[in-house]
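Colleague: Each chain, written out:
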Amino acid sequence: MFHIVFLLQILSNYVTLIFKIKNNWVIYMIEMQEVYKKYPNGVSAINGIDVRINQGEFVYVVGPSGAGKSTFIKMIYREEVPSSGTITMNGVNLAKLKMKKVPLFRRNLGVVFQDFKLLQTLTVYENVAFALEVIEANPKYIKKRVMEVLDLVGLKHKARMLPTELSGGEQQRVSIARSIVNSPKVVIADEPTGNLDPETTWDIMKIFEEINNRGTTIIMATHNRDIVNSIRHRVIAIEGGKIVRDESRGEYGYEN
Amino acid sequence: MKIRTIGRHARESLKSIGRNGWMTFASVSAVTVTLILVGVFFVIMMNLNRVAETIEQDVQIRVHIDVAATEDDQGSLKSRLEAMPEVKTVKFSPKEKELQDLVKSMGEEGKAFKLFEQDNPLNDVFIVKTEKPQDTMKVAKKAEKLDYVTKVKYGQGKVEKLFSFIKASRNVGVVLIFGLLFTAVFLISNTIKITIIARRREIKIMRLVGATNGFIRWPFVLEGLWLGIIGSILPIVLIGIAYYRAYDYIGPRLTGTFIRILPFDPFVFQLSGILLLMGAVIGVWGSLMSVRKFLKV
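These protein sequences, in sequence, are chains W and H.
Counting in this note's numbering, the first sequence runs from 4 upward without gaps.
Counting in this note's numbering, the second sequence runs from 128 upward without gaps.
Warning: the hint list may mix true and false statements.
[Stated by the list, open to error] Ranges of calculated distance between the beta carbons of each label pair, as one might list FRET restraints: (1) H/F168 - W/G45: 47 to 55 Å; (2) W/R55 - H/I324: 35 to 43 Å; (3) H/F168 - W/S186: 57 to 65 Å; (4) H/L415 - W/S186: 33 to 41 Å; (5) H/I321 - W/L125: 18 to 26 Å; (6) W/F9 - H/D392: 53 to 61 Å; (7) H/W149 - W/E168: 44 to 52 Å; (8) H/A325 - W/E168: 18 to 26 Å; (9) W/L125 - H/W149: 14 to 22 Å; (10) W/L125 - H/E180: 54 to 62 Å; (11) H/V408 - W/L125: 30 to 38 Å; (12) W/F9 - H/N317: 41 to 49 Å; (13) H/T310 - W/V18: 53 to 61 Å.
Hints are computed from structural coordinates only; laboratory data are not their basis.
Here the structure is a predicted model, which is why all the values come from computation and not from measurement.
Glycine is no exception: its CB is placed at the ideal position from the N, C-alpha and C atoms.
Can you build the whole structure from these sequences, using the hints too?
Modeller: Spelled out as structure tokens, the structure:
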């Protein structure tokens, strides 16, 4: 059943793609137009952002603390809704997305956090399988797919352990495995290496690179200057709720 | 929803009961205490109700028939009484029997009335019973207007008072039971809320990986259900035993009076069913109320 749905999804995506190309529409993975975000307490976090991100891009989001990076990221996975403007992902307008549709939307993307957000009572395997269980996938498929992604992040041999028995880097790898287990088109990472030592950071970055090479769009907020300067990708710098710099193979541009 | 998903929810809810040991204990004891209160109260209410019913059953209307009435007149009066929709039975009681009853009820002094046996001053009487006791007054009024009826007696004044007293006590009982149930739901929703606050993170992560609200809610609803059911076991057992003992003790002492308490079987079994259902409902309701808040983002 799951396979049929999956195939249908691919087919329908393909059809819409052809349709859009025929009509000379450019489709962006993520597109923000005139986005403003003011919190109920009066803080204006985002003050007019226009940005387009293509499928398969790797984007660093940089900027000083409190510049609006987090809000920017949160709006992409629909944790926050813009006060005005539109955000579309794959043609879906997130600003107008109904509450009921939010879970369905989230199944198309993966999110990775600084604090891993793993369930401490579940094993590594269960934590990853969890993301497929909630979408009621076929148990056989779950088993196969979970082992596949655990292999990708290099933790196949630790599937039965609890998160507390793992190092920080390993925990982050579990959370990355969970974020990609349902083959999302976009992975959003909010300072994924913020809690890790430099060496582990490189391991994690290698995994992100690998995921990106397989065609997944990656948007990563980071404070790590070394990463941005050595693994060159598009850099979007946010200050005061505005994009102040957007370079295709940019530098970090801040003193740490 | 798929069957294996239902299985997963059931497993998750049971696991969670085991994991949150102390909170489970707190919720279960809240249900237990409330259901014991409700149960005891229910037992008392139902038995009082039973007594009230027996008293109500004893209320009858005595329609005195005019001496001038012939047998045919009496017959037509009887059929007219029976034709009333509220009336259940009409029984003829000749004046000789009425006198005997009177003599009997007066005891020693009643012997003085024996003189009347030669010239009985009493009337023949129709004893009318109504379908519903509350209709007594209505039927009495209607009967008064019929031909060949001299007097209608049903314990005027007393019956009205009795009925209004029974009605009031029933209402008070219903209000009290609802009050107790409301408190129980409140208590349980609060305890479950605490367990849910402890698991806010879990809910957040579930939402993050794309779980629908329904999917998140189910294990909590089932958990509430289990808590309610577990919580109702002790009250059922306690009240069952207590009622069994009480029935053995009180039952024989009531012989000879008009009061009867409800028999153990089926009353206790019905009560158990009600308590189980109440436990389940308040458990589910409580968890629904508290999980709702965390699903709004």
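Colleague: Of all the hints numbered above, which does this structure not satisfy? Sort the numbers upward.
Modeller: Result: hint 7 breaks, nothing else.
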